[in-house]
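Listed in order, the protein sequences are those of chains A and B. Under the working numbering, the first residue of the first sequence carries the number 75, and numbering increases by one thereafter. Under the working numbering, the first residue of the second sequence carries the number 18, and numbering increases by one thereafter.
Among the hints, a few may not be true.
List time: in silico PhoX-like cross-link candidates among lysine-lysine, alpha-carbon distance up to 25 angstroms [stated by the list, open to error]:
| no. | chain 1 | residue 1 | chain 2 | residue 2 |
| --- | --- | --- | --- | --- |
| 1 | B | 21 | A | 133 |
| 2 | B | 82 | A | 120 |
| 3 | A | 104 | B | 21 |
| 4 | B | 21 | A | 145 |
| 5 | A | 252 | A | 240 |
| 6 | B | 82 | A | 240 |
| 7 | B | 82 | A | 252 |
Since the hints were made in silico from the structure, they are not lab data.
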Amino acid sequence: MPVRPPVADERIVSLFEAGDSQAMSLVVDKFGDALFGVIMRMVGVKETAEDLLQEVMVKVWHKRGQYDMTKGRLFTWLINITRNTTIDFLRLKKNQHQRETVSIDNPVYSNVSEQGEEMSVKDVGLHRAIDQLEEQYKLMIDLLYLKGYSQREAAKETGIPLGTIKSRSISAVRQLRKILGNDLISILFAIALLTYIIYNYGY
Amino acid sequence: MDIKAYLESGVLEQYVLGLLPEAEAAEVLRMAQQYPEIRAELMAMEHALEQYAQAKGIPMPEGLKERILDEVEQADSTPPPPSSAGSAPNSGRAAGFGPWMLALLLGMALAYSWWTGRQTSESLRAELQQVRTEKQDLQLDCNTQSERLEMLEQQVAVLRSSAYSNVRMQTVKPDVPAVASVFYNAEAQKAYLDFSELPELPTDKTYQLWALVDGQAVDMGIFDLSNAEDGFVEVPFIEGAGAFAVTVEAAGGVPQPTLEEMVVLGTLG
């Protein structure tokens with residue numbers, strides 16, 4: 075399956091500004107699965123997650139004027155809306171247990187998609203890279219970022235002391251960045267290296 | 018400001034994972050907006066986490082995308098909900114606010130619909146009055162037309178009837194074309210004058226009809242287009258008339274005809 079470059083965030087934002095609902099089709103394509111995953115891990119029930127994702131998308135469309143790109147990435151804004159909507163729903167249900175019953179180690183939610191489709195080469199690479207992240211760091215990111223736990227809630231959930239949560243989170247982000255290597259500097263370095271190789275061995 | 022130290026402090030990592038309380042998080046945002054290097058680092062961290070979330074994504078079920086887009090289109094045509102505080106209690110502060118907002122909006126909606134209802138009823142009343150007046154005018158118009166129609170039908174009946182004899186009065190002045198007719202019914206004792214072919218007169222003049230009985234002129238009345246717009250008018254029946262003549266007289270008429278002012282003349286037999 076050919077790898078298509080994903081739509082740029084800027085394109086989506088300019089459609090937001092133009093009031094063109096085509097933007098939402100792009101949002102769903104680019105971020106739908108990621109956000110669905112976030113919701114699923116929090117509520118555990120597929121139908122509920124579908125309804126919530128729908129609710130999130132409608133909210134996103136209505137609030138599109140509120141997104142400020144100087145304050146953070148588009149996805150950050152989207153995941154915040156997603157987490158908050160889901161948390162509101164869970165509070166309404168007064169079912170705190172929901173958040174605990176869904177195991178993040180559940181193999182269903184691992185690298186392989188539900189239908190077992192073939193992932194694109196890029197995706198597999200990403201999955202492999204993420205897999206390199208230490209379990210303890212994955213846990214931090216899963217709890218704090220994907221599920222929106224507070225530091226206190228994470229400490230309670232895992233039994234890990236508050237201070238350790240803090241230091242481990244910092245390390246988790248740093249290691250993740252290193253693995254993904256998407257810093258501009260490393261990209262430029264890689265291009266330079268490639269250019270050097272081609273130049274020297276291309277003759 | 019030691020940017021390097023700031024970047025190594027780990028505060029940005031805490032920020033992106035939501036570990037910072039509101040005030041400190043706001044501080045980070047301020048720093049990011051002030052220093053491009055801090056902003057770049059922040060974006061890179063957010064990007065890394067985004068990729069993590071993408072890797073951990075779960076494929077959406079079949080048809081969910083379409084449903085979502087339908088919902089967005091529908092929601093687009095209706096105005097957005099007034100406040101999220103009304104839909105779900107997201108904080109203790111907001112919970113009490115919601116119902117009041119709703120009550121206020123409801124009150125406003127009711128007041129508005131009452132006010133527009135009043136406007137509508139007032140304008141309807143005015144319209145009704147106007148329609149009534151128009152109806153009255155039309156009624157009058159209609160009556161006038163009926164009367165006229167009756168009159169015309171009568172004229173036609175007279176003209177067609179064999180019971181009426183026609184005395185054609187010809188012009189006495191060859192260079193002035195004029196003609197008039199007297200229709201008389203001896204049995205019914207009724208007579209009509211048709212003066213539609215006579216020229217118009219100035220306002221101070223009028224036509225007068227005479228019957229000549231045994232050499233004497235008998236006044237049959239004055240007439241002009243102001244009182245008989247079709248030029249057809251009933252006149253008195255004069256027994257034994259041998260001839261009829263029309264003269265032009267001063268407005269109001271005269272007791273005896275001014276012979277020089279005779280316009281048309283016609284004899285019986």
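Q: Would you pick out the hints that fail for this structure and give their numbers low to high?
A: 1, 3, 6, 7
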